[in-house]
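K.L.:
Kindly generate the complete structure, drawing on both the sequences and the hints.
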Amino acid sequence: MTTTIGLEIHVQLATRTKMFCGCGTAFGDAPNTHVCPVCLGLPGALPTLNAEAVRLATRIATALGCTVHEVSEFSRKNYFYPDLPKSYQITQFDRPIATGGSLPIVTERGARSVRLTRAHIEEDAGKSMHAADITLGGETLVDFNRCGMPLIEIVTEPDMQSGDEAYEFLRNLRRLVRWLGVSSGDMEKGAMRCDVNVSVSPDPAKRGTKVEIKNLNSFRSVKRAIDYEEQRQAQCLGDCTPIMTETRHFDEVQGTTTAMRSKEASNDYRYFPEPDLPLLQLDPAELASLRAQMPELPWEVQSRFERDLSLSPYDAALLTEERSTAEFFQQAIAFYDNPKKVASYMGTEVAKLLNERGKTLTETQLTPATLAGLLMMVEHNAISNTASKDVLPLLMDTGTTPMEAVRSLGLEQISDTSAIEGFAREVIAENVIQVEQFRGGKEAVLGFLVGQLMKKSKGKANPKLAGDTLRRLLK
Amino acid sequence: MSSELPRTLEHYRHAVRAHELSAEEYLDETRQLIERGDPQVKAFLHLRLDTARSDAQASNPSSPLAGAPIAVKDNIMMAGERCTCGSRILEHYVAPYSATAVQLLLAAGAVVPGKTNLDEFAMGSSTENSAFFPTHNPADPTRVPGGSSGGSTAAVAAGFALGAIGSDTGGSVRQPAAFCGVVGFKPTYGLVSRYGLVAFGSSLDCIGPIARSVRDAAIMMNVMAAHDPKDATSVKRPHVDFEAALQPTLAGKRVGLIRELQGLDVQPEIAAAMDMARKAAVKSGASIVDVSVPHILSALPVYYIIAPAECSANLGRFDGVRYGLHIDGRDMTETYSRTRDAGFGTEVKRRILIGAFVLSAGYYDAYYRKASSVRQLIADELDTALQSADVLLTPTTPTTAFRIGAVTDPLEMYKADVFTIPANLAGAPAVSFPAGKDAADLPIGLQLMGPRWSDAELLSSANVLFTALGGES
Amino acid sequence: MAMIIDKETLEHVASLARLEITAEEEGPLLGDLERILGYVAQLSSVDTSAIVSKRPAMTELRPDEPCEGLTREEGLGGAPAMYDGFVVVQNVMGAEDE
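Chains as they are written, first to last, in my numbering: chain A, 27 to 501; chain B, 2 to 474; chain C, 7 to 104.
If you're looking for bench data, these hints aren't it; they were derived computationally from the structure.
Idealized CB from N, CA, C, for every residue including glycine.
Hints should not be assumed to be uniformly reliable.
To be verified - Calculated pairs, DSS-like style, for lysine-lysine (alpha carbon to alpha carbon, straight line, at most 25 angstroms):
id : chain 1 : residue 1 : chain 2 : residue 2
1  : C       : LYS60     : B       : LYS237
2  : A       : LYS378    : A       : LYS481
3  : A       : LYS103    : C       : LYS60
4  : A       : LYS215    : A       : LYS385
Unchecked claim - Heads up, incomplete: computed chain B residues facing chain A, CB under 8 angstroms, no partners named:
id : residue
5  : LEU198
6  : SER203
7  : ALA233
8  : ALA314
9  : TYR337
10 : ALA357
P.N.:
Dropping the structure here:
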């Protein structure tokens, strides 16, 4: 069975105003409070194109390796729906701003490149809430705050073959749009939406019947829906039930797809060029400058970390989740040239504290310099690794330096041999059973005894010295 | 009308600034005329005379329009006033904002006595398609004023306003101006903002001034012609003083006659008026040239594909969800259909259906795409013709005003737009000016067209002929 | 001669445009539309093979600066049904795609 998957992703562009009017784009405000004649489709209103939306769209299209067309055209897509005030959506049909391009993905199957068909800009519709979500019976509530929000629609070639690949595609796309500051990519806030086309065929040379799936609210739902649909279509093929070309709705709760109420013979959108907007002409000099100023892309940085810095794939991926993290890391290793240690520490201790605080790295007071400083103190045995874990919160929550933090916590590492010997003797005296076990040949028990010594020293003892001292005394 | 009272904007303004007359006095006189005459003419859909009086009192004589009454066609939004577009679907709709053109007029001291009648959604050539009532031609109340801006032209002709604005998509300012014996100007597309004009044919619609003289139209253009960032099709142009640009002579100008229009059936008096205009042009120093616009007769079918196509999309927003008429059906689809069927008149429905048809799958290429190409062809041919001529002279209409109810065949009604439509397709400026009367004492209008952006020169040429042929009636 | 627009096509187009055509309206409309479409079809004989579209381009785009819009009351004061700030319509789940 071959599965063929294509995605249609809508990404909300991070502008201050809507695509065709000056209404604000803030999320979550009271319904119908960011509205004007244009986005409400009042009589006589006219659209005006947002310069920043074009800039952001061009940036993402360039990063995706698309051919960005200097001249593109807007079109009207005509259909009736309560959340579409003009009863047409302004989009780009015949002449989109970009075509081609690709996005790399890595799954268990390996590294691949998913080709893109095109990318174009358009306006969003309003938000409808159906009776299932709210208490009114048989009615739908519409909020036009979202209506007119700027979107870039990215259409992939049907290059993906599993739910996993689709999932990875979406993750990488989200990483990219955040990396470039083009969008928050939050599916939960509707900043990224995805429709899926799936077909299953027993013959790899022939494509099966294409089924569209809508109402996917998370990357996980996308994967689940594809997995379910794969099974369903395979089953249909198995019992010779015809597979209908249709649109299906994904049920979050059941994890299944169901046929939507059949539409009248496929909607004829009657696309035609938007007369209210002249052609969009991009400045070739600006395009060239955009290309020249494109930062290193996340997967390029990720590869570089693996290749040049010998980081593990796991660490490299983690550090390139967000651009700010990667930049932080790079600045930190400029101070302290031990990529592995810095990566490991960021991936464990730093990540843990960020999690606890519900903060991102840039929202804390930790700087590449202070992190590097802390790790250098550990390297030079000024403090123990364990102790550093107590220092880190202070660096994160206040703007203090590692030196000051260590001093204020009194965590200077004890490397004084006589002090350590003193602790060692106490530990030996208090742990008779383990001492016997060690003397009996159980090497691993030393770790326990070192731990006890560290406890006694309130984590300040130099662990290597502690181990050596104990070993010497236990001979 | 009182012989002491100024009959043009130009004279009104002079009188007010010379303290011979106040804006309220003028409005009071105008009000009397309206109250006496409009029950028969029915130029207005809504009047706001009390408010207008306060506006007049507050007006500034030094402002460009000095408190002059200027009527506004009821498909142009004016905040706080109803905007019905002559349709039941917007019968009770109140505009929450003003069109840019209206804002400019108000800021320049215009006082609006009311909103004028029109063919529903500007679709029609007689104002008979208004859902409410037809307007009657002041020259002969049994006849139509023309359309779709028939209310505006009738108001100006009858003295209910010193000027008016209308919209011109295929001739809707020029044709009624011709029928009513006033001046109607369609500027170059993009010169006057469309923001706040309820869209019919977006690539064709223009707001234009209607006045008793060409000079008055120029005075209004000085107020209305401005780049508007709210209209993406509005073009930034160097500043022009349309009034100052009016020259008294056509010396050195080439007046073109379009070969392919010569064989068309035109009322004899109108042909005679064309002759007189030709002679007047020559007398003023112009030369007459014969030009060819080979596909000009294709302009009509092009228009009757493109305008309906655009209108079918533009009128989609009238669905009863956010404003306007709302009639419940069993489900949303039925609600839409019932609301729209009850709200729209027959001509509007016809055009929406044609529009949806020519855009639909399987027909788009043969109809819409083809029409767009022929449109470009005609525009190119007009450009070429306007290299050998500075202006083109044609009749505005093949006949003078017909009787109310006389033309019932839509196709027959459409075909009368033959002279006006080309300018809309090309986005070129065109003006209709009165050129005498026919045997039944009905006004005759002639049209001058020019290259895009030649609006000032065009008005100047029109003014020469207008003056030569009798001037303001 | 084959009709350009038959009853079925009219019904289809009417449904696309959300216009309910009554039985009385149908006959006359079909007649009118047939004649009008027949008239405009003459364009097929015009040679447009050499025509290049000359649509102008936008000269400046709108800066991304918020500006004052309408209050809910100003924008939606005429809506037939509102609830808690939302516009209310009949349930449309599954009837149309987005």
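K.L.:
Could you run down the list of hints and mark each one as holding or not?
P.N.:
Checked hints:
1. A C-alpha spacing of about 18 angstroms is found between C:LYS60 and B:LYS237, which places the hinted pair at or below 25 angstroms, so the restraint holds.
2. A threshold of 25 angstroms between alpha carbons decides the hint, and for A:LYS378 with A:LYS481 the separation of about 22 angstroms falls inside it, so the pair holds.
3. A hinted pair counts as satisfied when its Cα atoms are at most 25 angstroms apart, and A:LYS103 with C:LYS60 qualifies at roughly 22 angstroms.
4. Of the supplied pair hints, the one linking A:LYS215 and A:LYS385 holds, its CA atoms being roughly 18 angstroms apart against a limit of 25 angstroms.
5. Interface hint status for B:LEU198: upheld, as the beta-carbon distance to the closest one in chain A is roughly 6 angstroms, under 8 angstroms.
6. Against a cut-off of 8 angstroms between C-beta atoms, the interface hint on B:SER203 holds, since the closest Cβ of chain A lies about 4 angstroms away.
7. Interface hint at B:ALA233: satisfied, since its Cβ lies 5 angstroms from the closest Cβ of chain A, which is below the 8 angstroms cut-off.
8. With a cut of 8 angstroms, the hint placing B:ALA314 at the interface with chain A holds, because the nearest CB-to-CB distance is about 5 angstroms.
9. Taking 8 angstroms as the C-beta contact cut-off toward chain A, the hint placing B:TYR337 at the interface holds, the least distance being around 6 angstroms.
10. For B:ALA357, the interface hint holds, the least distance from its beta-carbon to any beta-carbon of chain A being 7 angstroms, beneath 8 angstroms.
Going through the hint list in order, the structure satisfies each hint without exception.
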